[in-house]
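Student: Modelling step: build the complete structure from the supplied sequences, incorporating the hints.
According to full-length UniProt numbering, the sequence shown is numbered sequentially starting from 1.
Certain hints may be false.
To be verified - Here are the simulated EDC-like pairs of lysine to aspartate or glutamate, each with C-alpha atoms no more than 16 Å apart in a straight line: (1) K54 / D147; (2) K54 / D91; (3) K94 / E180; (4) K54 / D202; (5) K268 / D91.
Stated by the list, open to error - Listed next, with one range per pair, are the computed distances between beta-carbon atoms: (6) I252 / L18: 16 to 24 Å; (7) I135 / R267: 43 to 51 Å; (8) F191 / V43: 17 to 25 Å; (9) F33 / I188: 30 to 38 Å; (10) S52 / K94: 24 to 32 Å; (11) W216 / P28: 37 to 45 Å; (12) F49 / Q237: 16 to 24 Å; (13) P192 / G149: 32 to 40 Å; (14) L18 / I213: 36 to 44 Å; (15) L210 / V15: 39 to 47 Å.
No lab work stands behind these hints: they were computed from the structure.
Bear in mind the structure is a predicted one, so any value in this text is a computation, not a measurement.
Glycine is no exception: its CB is placed at the ideal position from the N, C-alpha and C atoms.
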Amino acid sequence: MRLGRLGGLFHDTWVVALRNTRRMLRIPEIFMFGLLQPIMFVVLFTYVFGGSMKIGNTTDPNVYKNFLMAGIFAQTVTFATAGAGAGIAEDMHKGLVDRFRSLPMARGAVLTGRTVADLVQTALTLVVLAGVALIVGWRPGSMNPTDIGRILGGFGLLLLLGYAFTWIGALIGLSVRTPEAATSGGLIWLFPVTFISNAFVDSSQMTPWLRHIAEWNPFSATVQAARKLFGDPGLSQSHAWPMQHPVWASLIYSVLIIVVFRTFAVRKYRSAEG
1 MRLGRLGGLF HDTWVVALRN TRRMLRIPEI FMFGLLQPIM FVVLFTYVFG GSMKIGNTTD
61 PNVYKNFLMA GIFAQTVTFA TAGAGAGIAE DMHKGLVDRF RSLPMARGAV LTGRTVADLV
121 QTALTLVVLA GVALIVGWRP GSMNPTDIGR ILGGFGLLLL LGYAFTWIGA LIGLSVRTPE
181 AATSGGLIWL FPVTFISNAF VDSSQMTPWL RHIAEWNPFS ATVQAARKLF GDPGLSQSHA
241 WPMQHPVWAS LIYSVLIIVV FRTFAVRKYR SAEG
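Tutor: Next comes the structure, spelled out in structure tokens:
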């Protein structure tokens, strides 16, 4: 019995996601090396800059630890974009995507399955990174059982942003000729997005024109939302709408990015030459 169109999409997506997840398990170095960078950022920013960063009216390193972690988490999930783009570019280069295109399967399933598998890897990285953050002194909320839902909600928004950015990486991977170009192209735009934000410094300390960019940055909205849900007192006091309503802003930004870039990526996939 043939599955309906939507059922076929889910089935094909599951098959591709499972294939990529198994590949990740067979090559654990990918996960290990992807984990080392955010751990180094946690340690370096916490102990090198922790006593000199001004958050609000204080330079207390313990305040900065709680302020920093949401930014590190957000940077980690978005930097997975480069790996997603490189993986798709590698599949294109090896002709694997052409083989998928020759099969009677939903066109969007190949890319969706790949992005879902990358999301699983990102979630595992985030779990380990949260453990490291707790070791260095991060304390979300009051650590009461009643805060668990809010904390999980914060991680959910972070993963949604990471999934949204993965579609940008997918489009880049389909648009370049080599995995190396996809890695470079996937990283170069991420640095201004993540650093012109409230991830590592209080945006109120920035030059006014730069502060406005940071406050309306989708990345900043998710960082602000995560801090709010984690119970971090070091929230931006900006009057910009995304900073005043960060949870809604984060959801809207992420969904828009998914809709727009998934549409472009699937169209690019359909028109790509073998």
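Student: Which hint numbers doesn't this structure obey?
Tutor: 1, 2, 6, 9, 10
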